[in-house]
Amino acid sequence: MPAPLLTLHAVEKTFAGVRALAPLDLTIGRGQLLGLVGENGAGKSTLIKLLSGVYQPSGGRIVWDGNQVAFTSPRDALDTGIATIHQELEYCGHLSVAENMLLREPWPRSRFGGVDWPALRETASNILRDFGLDLPVDVPFDSLTPAEKQEVAIAGALARDARLLILDEPTAALSEPEVERLFGHLQRTQAEGVTILYVTHRLDELFSLTDRVIVLRDGELVADHETQEVEVEQLIHDMVGRPVEQVYPKTRSGPKSDDPALAVQELSCDAMFTDISLVVKPGEIVGLAGLVGAGRSEVVRAIYGLYPITNGRMTLFGHDWHPQHPRDAIQRGVVYLPEERKRQGLVLEHGLDTNISVGFTDLLARYGLISRKAERSRVDEAIARYDVRAAHVSQPIGTLSGGNQQKALLARWLERAPDLILLDEPTRGVDVGAKAEIHALIDRLADQGRAVLFVSSDLPELVGMSDRVYVMNRGRIETELSNDELTEQNVILAASGLFEAAIS
Amino acid sequence: MTLPFLSHLSPALRNRLRFLLAGNLILLAFIYAHTLSNEKASFLDELSRFGPNVAPLILAALGLTGIVYTGAIDLSVGAIIVVAGTVFGILYEYEFAPAVCFAACYATALCLSMWNACLIRWLKIPAIIVTLAGLTFYRGLALALANVSLEKFSGQISIQGDAYHRPGNEWAGSILLFAIVIAIVWESFGKTPRLWLAHGSSQAACRLQGLDPARLLTGAFFVSGLFLGLAALTETTRGLTIEPNRLARGFELQVVAAVVMGGTNIFGGEGSYLGTILGGAFLYLVGQAMLYAGLSEYSRHAVHGALIIGVIGFDCLMHRKAKLLEELR
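Those sequence lines, one after another, are chains A and B. The first sequence maps to residues 1139 to 1642 in the numbering used here. The second sequence maps to residues 11 to 339 in the numbering used here.
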């Protein structure tokens, strides 16, 4: 029996005396596709960073291919044959795809010693073609879609003869067909003998992809299962340490009024979307589905006043609605949770308290002055109401788990008691426990009569939470699904422009 | 077919280059028209003065461009020139041969640029802080050096003898041309400038790809020192006196302006050496055009500043939609 590819012997990590990862023993066999799950803050990222050389262990040994190794930098891990695709892809947006793929490799040289650009592009093209991708390599990396970026990063990692590929939440920004394509790549890669460590919050992915699943909780390895032998309920129990009753609660009684809270008619915005018509009623949760790039987020941002409208009409509670700026939206009781909470929603270095209170300080101000006492008391109430967990109220929000960051963002806006709530990927990168809490909160808001319009690439979430779903394709509404028609399969068909053909 | 140094540039940056090229040509035409109507002025003389006058600015700006590519900045370029010039003056007073004075001047600028890099690396302090401190520290250092080394230092060192003025007068044009060719060829066929841009675009990406960000930054300061040495040499040997208190005053702002005018993103990640060259030339030609237009010195300063904001603002406005769409894509 061949020796395992990687063995961890009592590997641990502490930060200034705080334990992030307890002494952990783990063996990863050659050619295995191993799933790694755990709640936010369970220690998954720490483990990945130890394996990829970003962090150095505080204790224990790492044995690679029979030899003890020590990674002092990502370069060491890469040289050893460990390639990592981190959850938030780090890339150089202005540089070309080819340059990003081969950044640390020697670039081909012409006979005069300069970079041979055509040869560089050809090398990159060949790597992508071998991976089954046909993409231009001389365009800026920024011009690729999130899915393409992910695929290019994986192709680039494998081209370095990686023997262990670590993927941290690779499908967080992908739509369903793109996820399927990625799985195809991974299964081919595994068949070629590459070992894969796959980290995800989407439990369904584990069952369709992995051979074995390990679970981390509070920095400890708490379970190690053969995938075929474990049930999803058991995994959730292992992750959160308690059973989670309902991930998609529907306790609300339905729309509170037939008059729409938001009515959008033939809305268009140059190069982004065309002829969008939709309705959201008070007390209703309406989903907006589609592939990445279909224009879902853009529609929501336009409703919030972030993009200029070139054509069409909107009404908010029966009154004309022409937001020129998000300020207009906030004043009219419309709030928006952005897709990328770290980049667009939070000031990561600032405390939880200031990140929450920034949403409603204007409500507390008298003659332009804010009472710190009143602000603090309101923040404390919000933290308790929305169950945001932190060591203290001024803890930098960047150090909180994804779920708590998202709850803090919700707390910021919900304290304004909005009438229309726009959510863009509200549970992206959030663990299953926090996800269930956010879903319950959204359900409660709808039950209180608020209108919710939300974008999600998580199909079970979209179908499980929505009363109705508008499916977008190439900047247009393809169809509206509700009741029995609202299934994951129909959403996929409509997002690909195949729904009408399928039902006819 | 696209020229190699243009093929890497974004559409917005290419537009900036076109814009600057057109602006430079218009300014040259304006100056030409004025020299025609002015008997005392000659367009050929004006062109021959272009090299010596603009060389220090463009050379220092070329050096700074690489640093700005990485997302850093060097605000002490003017003060470094002052120290280099003072060393030159002291050696001149001690009657060293011109070649020795030139070498010492060049080496001083290079060493101080490297010293900046070392401080940033060792102390892990942002470049803007280190070089902001250097801005006043180096100028003080130059005065202290002159005071200690020269018995009767009156605040200025008078440099006599044509041999000592050759780099700033006779050779400046050639030095500038040489540096421009090197910069453009290097940008077209070198990997290092692309790695600097990568550093400026995402330091984390560089680290995760196994590159050493500290080394890249040090490299940028080293290459900046190479250009800055030439800038110091041409600036110092241009005039008849070296006054540490007045030499290169406000120079760093002109250099930053040339780089930014050229389309290089002040936060790193995007830029062009060619843009810097065109930006530096534009700033100089604007100054000359205002002279011919008869503007007072006070107005010239104000117009210069307003023009920098105006040109960049206009360019941004023109391409706002394109940039927005680029971002959205």
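Simulated from the structure, these hints should not be mistaken for laboratory data. C-beta: ideal position from N, C-alpha, C; glycine also. Careful, some of the hints might be misleading.
Stated by the list, open to error - To be clear about the criterion: a stretch of chain A counts as covered by chain B if any three or more of its residues have a C-beta under 8 Å from a C-beta of chain B, and this derived list gives those stretches:
1. 1203-1211
2. 1218-1228
3. 1233-1241
4. 1531-1541
As the list claims (entries may be wrong) - Have a look at the derived ranges for each label pair, beta carbon to beta carbon:
5. Tyr1505(A) with Phe277(B): 32 to 40 Å
6. Ser1509(A) with Pro136(B): 33 to 41 Å
7. Glu1519(A) with Phe277(B): 54 to 62 Å
8. Ser17(B) with Thr1165(A): 33 to 41 Å
9. Ile135(B) with Thr1165(A): 39 to 47 Å
Stated by the list, open to error - Here are the simulated lysine-lysine pairs, BS3-like style, with alpha carbons at most 27 Å apart:
10. Lys1480(A) with Lys1287(A)
11. Lys1287(A) with Lys201(B)
12. Lys50(B) with Lys134(B)
13. Lys1480(A) with Lys134(B)
Check of the region 1218-1228 of chain A against chain B for coverage (Cβ-Cβ below 8 Å, three residues minimum): Satisfied; 3 residues make the cut.
Coverage criterion applied to the region 1233-1241 of chain A (partner chain B; beta-carbon cut 8 Å; 3 residues): holds (count 5)
27 Å limit on alpha-carbon distance, applied to hinted pair lysine 1480(A) and lysine 1287(A): The given pair, whose Cα atoms are some 19 Å apart, holds under the 27 Å limit.
Distance restraint hint 33 to 41 Å, applied to the beta-carbon atoms of serine 1509(A) and proline 136(B): 36 Å, holds
Outcome of range test on Cβ distance (serine 17(B), threonine 1165(A); 33 to 41 Å): The hinted range 33 to 41 Å is violated for serine 17(B) and threonine 1165(A), with Cβ atoms some 49 Å apart.
54 to 62 Å as the expected CB spacing between phenylalanine 277(B) and glutamate 1519(A), which holds or is violated: 39 Å, violated
Coverage claim, chain B over the region 1203-1211 of chain A, checked by counting residues with Cβ within 8 Å (three needed): It is violated: at least three residues are needed, and the region 1203-1211 of chain A offers just 1 whose Cβ sits closer than 8 Å to chain B.
Claimed coverage, the region 1531-1541 of chain A by chain B - three or more beta carbons nearer than 8 Å: Our answer is that it is violated, as 0 residues pass the Cβ test (under 8 Å) against chain B, missing three.
Given pair status - lysine 201(B), lysine 1287(A), alpha carbons within 27 Å: 22 Å, holds
Satisfaction of the hinted span 39 to 47 Å by the C-beta atoms belonging to isoleucine 135(B) and threonine 1165(A): 44 Å, holds
Pairwise hint evaluation, lysine 134(B) against lysine 50(B), where the allowed Cα distance is 27 Å at most: Answer violated: lysine 50(B) to lysine 134(B) is near 55 Å, above 27 Å.
Range hint 32 to 40 Å (beta carbons of tyrosine 1505(A) and phenylalanine 277(B)) holds or violated: Given range 32 to 40 Å: holds, Cβ gap about 38 Å.
In this structure, the earlier hints numbered 1, 4, 7, 8 and 12 are contradicted, and the remaining ones agree with it.
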